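The primary structure of each chain is shown beneath.
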Amino acid sequence: MSRPGFVLSVDAQTPPLVVFQGEKVLLERLPFETSVLYPPDALPGIPSLDAAIEHALDAPVDSEPLGVLLARGSRVTIVFEDLSQPITSRTAPDVRQRVIEHVLERAAAAGVDDVELIAATGLRRRLTAHDLQRVLGERVYASFAPDHVRSHDAEDEALVSVGELADGTPIEVNGRVASSDLVISVRLATAVGNEGAAAVATKLIGARTARARGAFAARGGAGTDRAGSTARDPFDDLVDSIGERARVFTVDVTLTPEPTGPASAFLSKREREWSITDRALSAGLQAATRILPKRARVGLAQVSGVGYGVTSVVAGRPSSVHPLTEAFLAQQQVGQFDNPADVALFGIPNPGSIGSSLNPVTAAALGLGQIFNGQAAEPVVRAGGTAIFYHPLTPWFHPLYDPAYIDFFAEVLSRGTDPAAISTDFEEKFAADPWYRHVYQTSYANHALHPFHAWYSAAPAIEHLGEVIFVGGDHESTRRLGFKSATTLTDALEMASDSVGLHPSITYVHGAPVSISEVS
Amino acid sequence: MPRLAMRLAVTPSVHGLEYVTEAKGPFIFVANHPSALDEALVRDALADVAPRLVSVAVDPRRGIRGLLDRALSLRSATRLAALLASGTSVLLFAERTHPDDGTLGEFDLGAAALGIRTGVPIVPVTLQGTFRALPPWRTSALPGRPRVAVVFARPIHAGRGAELSAVTGSIVKAITAGLAEETLGWYGALRSQADQTELPREDGAAADWRRVWQATATPAGHARRRVWR
Numbered sequence: 001m002s003r004p005g006f007v008l009s010v011d012a013q014t015p016p017l018v019v020f021q022g023e024k025v026l027l028e029r030l031p032f033e034t035s036v037l038y039p040p041d042a043l044p045g046i047p048s049l050d051a052a053i054e055h056a057l058d059a060p061v062d063s064e065p066l067g068v069l070l071a072r073g074s075r076v077t078i079v080f081e082d083l084s085q086p087i088t089s090r091t092a093p094d095v096r097q098r099v100i101e102h103v104l105e106r107a108a109a110a111g112v113d114d115v116e117l118i119a120a121t122g123l124r125r126r127l128t129a130h131d132l133q134r135v136l137g138e139r140v141y142a143s144f145a146p147d148h149v150r151s152h153d154a155e156d157e158a159l160v161s162v163g164e165l166a167d168g169t170p171i172e173v174n175g176r177v178a179s180s181d182l183v184i185s186v187r188l189a190t191a192v193g194n195e196g197a198a199a200v201a202t203k204l205i206g207a208r209t210a211r212a213r214g215a216f217a218a219r220g221g222a223g224t225d226r227a228g229s230t231a232r233d234p235f236d237d238l239v240d241s242i243g244e245r246a247r248v249f250t251v252d253v254t255l256t257p258e259p260t261g262p263a264s265a266f267l268s269k270r271e272r273e274w275s276i277t278d279r280a281l282s283a284g285l286q287a288a289t290r291i292l293p294k295r296a297r298v299g300l301a302q303v304s305g306v307g308y309g310v311t312s313v314v315a316g317r318p319s320s321v322h323p324l325t326e327a328f329l330a331q332q333q334v335g336q337f338d339n340p341a342d343v344a345l346f347g348i349p350n351p352g353s354i355g356s357s358l359n360p361v362t363a364a365a366l367g368l369g370q371i372f373n374g375q376a377a378e379p380v381v382r383a384g385g386t387a388i389f390y391h392p393l394t395p396w397f398h399p400l401y402d403p404a405y406i407d408f409f410a411e412v413l414s415r416g417t418d419p420a421a422i423s424t425d426f427e428e429k430f431a432a433d434p435w436y437r438h439v440y441q442t443s444y445a446n447h448a449l450h451p452f453h454a455w456y457s458a459a460p461a462i463e464h465l466g467e468v469i470f471v472g473g474d475h476e477s478t479r480r481l482g483f484k485s486a487t488t489l490t491d492a493l494e495m496a497s498d499s500v501g502l503h504p505s506i507t508y509v510h511g512a513p514v515s516i517s518e519v520s
Numbered sequence: 001m002p003r004l005a006m007r008l009a010v011t012p013s014v015h016g017l018e019y020v021t022e023a024k025g026p027f028i029f030v031a032n033h034p035s036a037l038d039e040a041l042v043r044d045a046l047a048d049v050a051p052r053l054v055s056v057a058v059d060p061r062r063g064i065r066g067l068l069d070r071a072l073s074l075r076s077a078t079r080l081a082a083l084l085a086s087g088t089s090v091l092l093f094a095e096r097t098h099p100d101d102g103t104l105g106e107f108d109l110g111a112a113a114l115g116i117r118t119g120v121p122i123v124p125v126t127l128q129g130t131f132r133a134l135p136p137w138r139t140s141a142l143p144g145r146p147r148v149a150v151v152f153a154r155p156i157h158a159g160r161g162a163e164l165s166a167v168t169g170s171i172v173k174a175i176t177a178g179l180a181e182e183t184l185g186w187y188g189a190l191r192s193q194a195d196q197t198e199l200p201r202e203d204g205a206a207a208d209w210r211r212v213w214q215a216t217a218t219p220a221g222h223a224r225r226r227v228w229r
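Quick note, the sequences are listed as chains A and B, same order. Take the first sequence: its letters are residues 1 to 520, numbered as in the UniProt record's numbering. Take the second sequence: its letters are residues 1 to 229, numbered as in the UniProt record's numbering.
Same shape as in the complex, but just chain A (with noise of 0.2 Å):
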């Protein structure tokens, strides 16, 4: 057991606390008696993985071992999480590898002969080769590359319906996945509290599903999230299965929710407790930030996370092994805290793994997401209070990857920002969109309706809360997203004493939010 999270009440003896601003560590002192959440200390990681892998899969729950499973002759696919987690160690392999290359062994000694590796990327982008070679190791790539490793198309013809959502929309899911005896999803948790929906064919479902059931109107307005809807999800019937043939094993591994390299260690701890040693880094650290230029900043990130710890691995059936995990992520939440604030203060980095800045509607998107699917279980803020996020909003979009956020960035945005109209004006317009297609199955562009799904994600927080203030935020693009800027935290108070009023009671989540939640 590790020490639990706690709430500290900030003080005349408080030093400044680290808060992320972007590909910035900012050191602020916070007006008094804020109450800042810690949450709790990272559980010690496994010190033997692969033993800890054996061990999950030879004695898995509700199932059988996966040698048992897998046969000669028989079609298997194994389905990994994309770039959307982390890649958790830039020295070492990366987790997936590890786990993949037990399971293809185990393949191997079994004859298996049809394999094939997809990566679930929803509506993301596709990964590269050099992305593919990263999670999947040289040795796995070199073994399937080009024609049996690949990832997800949602807009692939060959698509097999294998249900109906409630609308009537059949639920069209990867044709390869489908026609397989033995799906093996390879799943990677980070989010705390939250590993995403227990089925994995949410991952791997054809672009119409996704709009049908990642629409505004399906997603219910407001805080849908955490009331739990009482409408049964068509989705429940692929959780162990995924049409007649193909049946799931998964191995859900589970990670420390911040880098636990030597270098950015002591982002993540308790200032109070910092050694000479992290007080030092953390002077270098504010000394490079000041003068590299930003792009160099970008760099420092990636150099700075090390490596993820692997907290658990656990395999067996689905929908036995998913509230196991959930079980496991909810350790790592803040447990109790008083009443919800008036005002909640969030640091937003740019997450090490991506290596570019975050385009600014994904960085609202994921500073919005920590009301609902934050370090807490519930909202930190009351309803109609403020949230003040770190970030600078720079207008900047990765030309490869976010064409359709340039798009909805430059024409949705700026005609207005109410989710319901623009989901009726324009998401018609960007689905149908033969370039969008087009770029998205060639080249490595987010799917048309990305942009949109995150737009909607953050909907949710935006009518929970009263206002929102960005600190450092790019003034032009602030505006366009509908929120306010300002220079400082005292300026960004000022602004939202209006609502709250003078005195506002605060809370600031220390630490990174650890997922783009939701979005898929």
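If you're looking for bench data, these hints aren't it; they were derived computationally from the structure. All figures in this text were calculated on a predicted structure; none of them were measured in a lab. A couple of the hints might just be wrong.
[Stated by the list, open to error] Okay, the calculated beta carbon distance ranges per label pair:
1. 98(B) with 279(A): 55 to 61 Å
2. 111(A) with 139(B): 43 to 49 Å
3. 278(A) with 143(B): 45 to 51 Å
4. 81(B) with 179(A): 53 to 59 Å
5. 143(B) with 161(A): 56 to 62 Å
6. 143(B) with 283(A): 45 to 51 Å
7. 119(B) with 157(A): 56 to 62 Å
A virtual CB, placed ideally from N, CA and C, is assigned to each residue, including glycine.
Knowing the structure of chain A, use the given hints to seat chain B on it.
Showing chain B alone in chain A's frame:
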């Protein structure tokens, strides 16, 4: 210095090092020995994992290295067991003879015996492409920094009472699979081993020149992508 020279001469890649880094040492590394580059390559790969590493070849070495081996009595199993007990890892080139044609020789049972006696995990190591990079008739490596690979297999834990020949068999199996990776790919090598099909090992009866020819052939695949055809 030899490591720097080696890095300038060839392009090494290392696979499977994570099997070793997670466990605690010491280890007995058992490798094939096709060329003079081998020791430097393995030492380079293991620089962080096993900084204290003693290497011994079953086929006695000549010259000063041979005298040094004898002076330190490195060829005695008792001495090696004492070294392992003190935390020093051992690298054994366990082929009885050192064939000058790049093929895999017959393995000595000594490595397995040492593993059984001391209980230290045995790690089979395959050296790929080193014969092609530095064949015995050359004094320096081929120009163009040829690719070589050091492939570590999963450690074999030989407890007391394990069969000598069985442990040696699994070492040879792992090294043969490592060599087959070059032509069949990683999964292909695993599959053919599971099917007990004949791995493309050089035929012992074939003429010497054919074996050398095969061992120095440019491997298929990994072709550089061309813009102009």
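Checked hints:
The hinted window of 55 to 61 Å between residue 98(B) and residue 279(A) holds, with their beta carbons roughly 56 Å apart. Under the hint 43 to 49 Å, the C-beta atoms of residue 111(A) and residue 139(B), about 47 Å apart, fit the expected range. In this structure, residue 278(A) and residue 143(B) meet the distance hint of 45 to 51 Å, their C-beta atoms being roughly 49 Å apart. Between residue 81(B) and residue 179(A) the CB atoms are about 56 Å apart, so this pair conforms to the stated range of 53 to 59 Å.
Between residue 143(B) and residue 161(A) the CB atoms are about 58 Å apart, so this pair conforms to the stated range of 56 to 62 Å. For the pair residue 143(B) and residue 283(A), the beta carbons lie near 48 Å from each other, so the given range of 45 to 51 Å is met. At roughly 58 Å, the beta carbons of residue 119(B) and residue 157(A) sit within the given window of 56 to 62 Å.
Comparing the model with each numbered hint stated earlier shows that all of them hold.
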